[in-house]
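*Asks:* With chain A fixed as given, assemble chain B onto it according to the hints.
In order, the protein sequence lines correspond to chains A and B.
At position 18 of the first sequence (counting the first as 1) the number is 18 in our numbering, and the numbers step up by one without a gap.
At position 92 of the second sequence (counting the first as 1) the number is 92 in our numbering, and the numbers step up by one without a gap.
Since the hints were made in silico from the structure, they are not lab data.
Everything numeric in this text was worked out from a predicted model, so none of it was measured.
We put the CB at the ideal spot given by N, CA and C, even for glycine.
Some hints here could point you the wrong way.
Some chain A residues flagged as far from chain B (calculated, every beta-carbon gap over 12 Å) [unchecked claim]: (1) Thr5; (2) Phe18; (3) Asp65; (4) Thr69.
Each pair of labels, with its calculated beta carbon distance range [unchecked claim]: (5) A:Asp65 x B:Asp25: 23 to 29 Å; (6) B:Pro13 x A:Arg11: 22 to 28 Å; (7) B:Arg16 x A:Asp20: 46 to 52 Å; (8) B:Asp62 x A:Ile81: 21 to 27 Å; (9) B:Leu6 x A:Lys15: 55 to 61 Å; (10) B:Gly73 x A:Thr19: 19 to 25 Å.
Some residues of chain B that are not near chain A, with every Cβ distance over 10 Å (derived) [said to hold, decoys possible]: (11) Thr5; (12) Met8; (13) Asp10; (14) Pro13; (15) Arg16; (16) Phe18; (17) Asp20; (18) Glu23; (19) Ala24; (20) Ile60; (21) Ile81.
Protein chains: 2
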Amino acid sequence: MAVTTLYMSDRDPEKRTFTDKKEADALDKKLEFAENLRVFLEARIVGLDEEKAEQIGLLIADYKDEMITALKGKPEILANIDEDKGNVESISSKKNTA
Amino acid sequence: MAVTTLYMSDRDPEKRTFTDKKEADALDKKLEFAENLRVFLEARIVGLDEEKAEQIGLLIADYKDEMITALKGKPEILANIDEDKGNVESISSKKNTA
Chain A
1 MAVTTLYMSD RDPEKRTFTD KKEADALDKK LEFAENLRVF LEARIVGLDE
51 EKAEQIGLLI ADYKDEMITA LKGKPEILAN IDEDKGNVES ISSKKNTA
Chain B
1 MAVTTLYMSD RDPEKRTFTD KKEADALDKK LEFAENLRVF LEARIVGLDE
51 EKAEQIGLLI ADYKDEMITA LKGKPEILAN IDEDKGNVES ISSKKNTA
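Looking at chain A on its own, in the form it has when it is part of the complex (with noise of 0.2 Å):
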């Protein structure tokens, strides 16, 4: 029997795994971004709560290029990203579920 080599972020409370270490690092930066930018909005914008906080990084970490790009000067580019493509459904809820 083959042994398998999987990777994991241990920011994931799904615990994905991938057999593409890339794949793995990726997700990993994505959940440290969302979980730093929950932090710093929660600090500074009064009464927004965990959860909302927390689909804010992640939306915002899903659409990173984008987002760097309305950044940099090019703000329209937010007006036209798809609606369906992007709801996002935060972590808590779906750890309630796990």
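*Replies:* Relative to chain A, chain B alone:
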């Protein structure tokens, strides 16, 4: 009497004027980004009210450079930003007082 040229962003409810066009342009770009992000978030984060979405748009616009660095793979930069530097009062709360 000399005539002074002043510049103002049409997006700015506070109608701030600048003698330096570059400053007015920068504010206009910031407000344009904040507005686009507000709409982007409201369309995707269920239950996020307009005022919070607007505060988040302005906050992220205020930290444009740090946000780009974080998105490009150094998310910990967000954790190192002084908290007191950045509490954002939303424009609408200023609108009411204007």
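*Asks:* Which hint numbers doesn't this structure obey?
*Replies:* 3, 4, 6, 20, 21
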